[in-house]
Amino acid sequence: MNRFLQRSLLSGPPLLYLLVFFLLPTLIMVVVSFGWPGEQGGLAPLWLRDAQGFHLDLTLDNYADFVSTTLYLRLLAKSFWYAVLTTLICLVMAYPLAMLIAKSDKRHRNLMVLLVILPFWSNFLIRVYAWMIILGPQAGLSQALNGVLALFGWGPVSLLFSPFAVLVGLVYVHLPFMILPLYANLEKHDPGLMDAARDLGANRWQCFWRVTFPLSLPGVLAGSALVFIPALGAFAVPDILGGTGGIMIGNVIKMQFLEARDWPFGSTLSIVLTLFALGVTGIAAWLVRRRGGSYV
Amino acid sequence: MALLEIQNVTRRFGNFEAVHDVGLEVEAGEFFTLLGPSGCGKTTLLRMIAGFDAPDAGRIFLNGQDLVATPPEKRPLHTIFQNYALFPHLTVADNIAFPMRMAKLGERAIAEKVKQILDEVRLSEMGGRYPADLSGGQKQRVAIARALVDRPHLLLLDEPLAALDLKLREQMQIELINLQREVGITFIYVTHDQGEALALSHRIAVMDAGKVMQVGRPEDIYEFPANRFVADFIGVCNLLEASVTAAEPDALTLDIPPLGKVGAYSPQSLPVGRHGVLALRPEKVRIDSQIVAAPQENHFSGTVRALIYMGDITMYHVEITCDGASGLTIKALLPNSQARGASFFEVGDRVEIAWRYDAGRFVYE
Ligand SMILES: Nc1ncnc2c1ncn2[C@@H]1O[C@H](COP(=O)(O)OP(=O)(O)OP(=O)(O)O)[C@@H](O)[C@H]1O
Ligand SMILES: [Mg+2]
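So the sequences go chain by chain: A and B. Letter 165 of the first sequence, counting from 1, is numbered 165 in the working numbering, and no numbers are missing. Position in the second sequence (from 1) plus 1000 gives the number in the working numbering.
Only chain A is shown next, with the shape it has when bound in the complex (with noise of 0.2 Å):
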């Protein structure tokens, strides 16, 4: 009893803060995607008075147009192919970044991860008009380009406002949730393994796919899922970096809450979007622990 008495007091209070401010709005977002939307925008009531008296006025219409309208499957593609990009890109440049940060002297570690999250210490938005500014005509980046185009009598193309844009700005944003997991996986491992792997044979190349990579899976599904999830529902690079046509699924969902006002349909991207998310990751998980055996 006291030890149960212990467990609610420390658990209690996450679990009622998850519940209030995760759960709650997760289940009102569910009722609303199957709302009207209101006169003025926003929210119809959900309930009707008639002759019959009180009911719910529920539809399924926000559903159906998602499906029926393809520019929101493409764009929802086109969302999970930046996402996966930005994944994969985030994986590739995270991995030696993190073993490195991992083997290194202990004393040089924190230094190193406070590097990493260093960025976090100005605002995010800031950051990301910072690209505008690196990614724009203007400077050296795009003028050096677009000059070694000219000679071979190409361009000028723009940096700024292009897909390329979109995918350097969610990697930058992205990255240290990649670096993060890896480097605390990394750096759990026993170096004795690497020296077992060599004497029995394994070349470093080997070592590393045979034991290292094995091994990190579990940080590198934890990184992947913290940069895959957000990055699929990005609205303010598009925004900022993507100019018009590189708007993704985030951005109209953004658009169908401020601008349109159809609350209703905004909460069904959402929930479509979310549901997605779930589904990509539990594979991607269900694939990983399936090759990995018990031991993910």
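Hints listed in this document are in silico derivations from the structure and should not be mistaken for laboratory results. Careful, some of the hints might be misleading.
[Stated by the list, open to error] Across the chosen pairs, the derived CB separations fall in these ranges:
| id | chain 1 | residue 1 | chain 2 | residue 2 | range |
| --- | --- | --- | --- | --- | --- |
| 1 | A | LEU151 | B | LYS1074 | 47 to 57 Å |
| 2 | B | GLY1136 | A | TYR129 | 33 to 43 Å |
| 3 | A | GLY12 | B | GLY1136 | 31 to 41 Å |
| 4 | A | PRO191 | B | THR1010 | 16 to 26 Å |
| 5 | A | GLN6 | B | GLN1116 | 50 to 60 Å |
| 6 | B | ASN1015 | A | LEU151 | 57 to 67 Å |
[Claimed, not checked] 25 Å max Cα-Cα, derived SDA-like pairs, lysine to any residue:
| id | chain 1 | residue 1 | chain 2 | residue 2 |
| --- | --- | --- | --- | --- |
| 7 | A | LYS254 | A | PHE276 |
| 8 | B | LYS1284 | B | PHE1344 |
| 9 | B | LYS1074 | A | LEU193 |
| 10 | A | LYS188 | B | ASP1094 |
| 11 | B | LYS1074 | A | ASN203 |
| 12 | A | LYS103 | A | PRO191 |
| 13 | B | LYS1104 | A | PRO214 |
| 14 | B | LYS1104 | A | CYS207 |
| 15 | A | LYS103 | B | PHE1013 |
| 16 | B | LYS1104 | A | ARG291 |
| 17 | A | LYS106 | B | LYS1104 |
| 18 | B | LYS1104 | A | THR212 |
[To be verified] Residues of chain A clear of chain B, computed beta-carbon distances all greater than 10 Å:
| id | residue |
| --- | --- |
| 19 | LEU18 |
| 20 | GLY38 |
| 21 | GLN52 |
| 22 | ALA130 |
What you are looking at is a predicted structure, and each value in this text was computed from that prediction instead of being measured. Glycine residues also receive a C-beta, built at the ideal position from the N, C-alpha and C atoms.
Given chain A, work out where chain B with the ligands should sit, using these hints.
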């Protein structure tokens, strides 16, 4: 030609010499043990043989070939690490298959060999388990199976039994001896446990502070320690400060301060005045309430000052009284062979002790 030759190997960490000018030869088929206190450089030496570390000076030959340029994965030897270093993400069978997969053997042959060695180490049922689900002794056997499955020329074992409890350790010692004899692979075994070293090895190298102090068969090391360190480190030993007063062929007369003249034996002739210690094993000291001294025996009387009862044996600390002077304590050991009752003597009993001249060994630096 010896299988493994270590020539003048030195390894420094900064100013500190972890291994100093070590030379050793290990023959094929031998069970060779590196024995020494913690920090004496055993692991460092082993890591240089395995290739994880390189000597600052000296050379290591395997089958007559200098190993200096050979990376660890190319050396025809395996190591068993103190914590076993099993791959946690691989099953027992995949762990054992690892070296053969690295060698690109066919999966058919691999499966066959894995099954065979699992039978040999009595783990046939465990092939599908993960290391986390094994007991310490089972992990140990998996590590051994993994290291032996592709028949290396040499197996290095770094305190492989240190983590096991006493009963299991004794059982594994017997298994190791049998296994080594069956497979005929040379073992280099590291331990700081002198009992283990004596029980397992064909030959032992006793190390201290990075140096090899003595190499020899267990009985040589035990009976004829080459110096004070070895005498003290291996087993229990009376170490009596002594100097040579007369040296005839074979016979030696020592002066041991409160005792006076003591007869001893030395294979070499030594100069008079040479200072050293008489190393005398407690089990070679006779103890009784009355002893009739035989020729070629040292004979003293004293008082039991302490006794350590160890079940099968009792160690008596006897303070010698001689010409009224006293102070030197000699340890004597008796098996508790009487049918009932515990020790033969009590603290305070007057006893006599005696030992043959050739029971003690005079060692000097
Ligand atoms: N990489 C290293 N850097 C600095 N000093 C080291 C290093 N490796 C070992 N040493 C030192 O070298 C000495 C010998 O170490 P080693 O591990 O070989 O001892 P050991 O005989 O195996 O001891 P133990 O029985 O405790 O395992 C120790 O004093 C140790 O501190
Ligand atoms: Mg060691």
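Structure-based check of each hint:
Take A/LEU151 and B/LYS1074: their Cβ atoms lie about 50 Å apart, and the range 47 to 57 Å holds. About 59 Å separates the C-beta atoms of B/GLY1136 and A/TYR129, a value inconsistent with the hinted range of 33 to 43 Å. As the Cβ distance of A/GLY12 to B/GLY1136 is approximately 40 Å, the hint placing it in 31 to 41 Å holds. The beta-carbon spacing between A/PRO191 and B/THR1010, approximately 24 Å, falls within the hinted interval of 16 to 26 Å.
Between A/GLN6 and B/GLN1116 the CB atoms are about 53 Å apart, so this pair conforms to the stated range of 50 to 60 Å. At roughly 59 Å, the beta carbons of B/ASN1015 and A/LEU151 sit within the given window of 57 to 67 Å. Under the criterion of a C-alpha separation no larger than 25 Å, the hint pairing A/LYS254 with A/PHE276 is consistent with the structure, at around 18 Å. Only pairs whose Cα atoms come within 25 Å are accepted, and B/LYS1284 paired with B/PHE1344 is accepted, the gap being roughly 17 Å.
Distance restraint check for B/LYS1074 and A/LEU193: the Cα-Cα separation of roughly 17 Å lies within the 25 Å cut-off, and the hinted pair is therefore satisfied. Distance restraint check for A/LYS188 and B/ASP1094: the Cα-Cα separation of roughly 22 Å lies within the 25 Å cut-off, and the hinted pair is therefore satisfied. For the suggested pair B/LYS1074 and A/ASN203, the alpha carbons sit about 9 Å apart, so the restraint of at most 25 Å is met. The straight-line distance between the Cα atoms of A/LYS103 and A/PRO191 is roughly 9 Å, inside the 25 Å bound, and the hint therefore holds.
Among the hinted pairs, B/LYS1104 with A/PRO214 is consistent with the structure: their alpha-carbon atoms are about 20 Å apart, no more than 25 Å. Taken as a hint, the B/LYS1104 and A/CYS207 pair is honoured in the structure, with Cα atoms around 15 Å apart against an allowance of 25 Å. Our distance criterion of 25 Å between C-alpha atoms is met by A/LYS103 and B/PHE1013, whose separation comes to about 20 Å. Among the hinted pairs, B/LYS1104 with A/ARG291 is consistent with the structure: their alpha-carbon atoms are about 21 Å apart, no more than 25 Å.
Note on A/LYS106 and B/LYS1104: the hinted pairing is violated, with a Cα-Cα distance of about 37 Å set against a maximum of 25 Å. At roughly 20 Å between alpha-carbon atoms, B/LYS1104 and A/THR212 fall within 25 Å of each other, so this suggested pair holds. Non-interface status of A/LEU18 relative to chain B is upheld: no Cβ of that chain comes within 10 Å, the nearest being about 31 Å off. Here A/GLY38 stays apart from chain B, with its beta-carbon at least about 55 Å from theirs, past the 10 Å limit.
At roughly 63 Å from the closest C-beta of chain B, the C-beta of A/GLN52 stays outside 10 Å, upholding its exclusion from the interface. Look at A/ALA130: its CB is around 41 Å from the nearest CB on chain B, clear of 10 Å, so calling it non-interface holds up.
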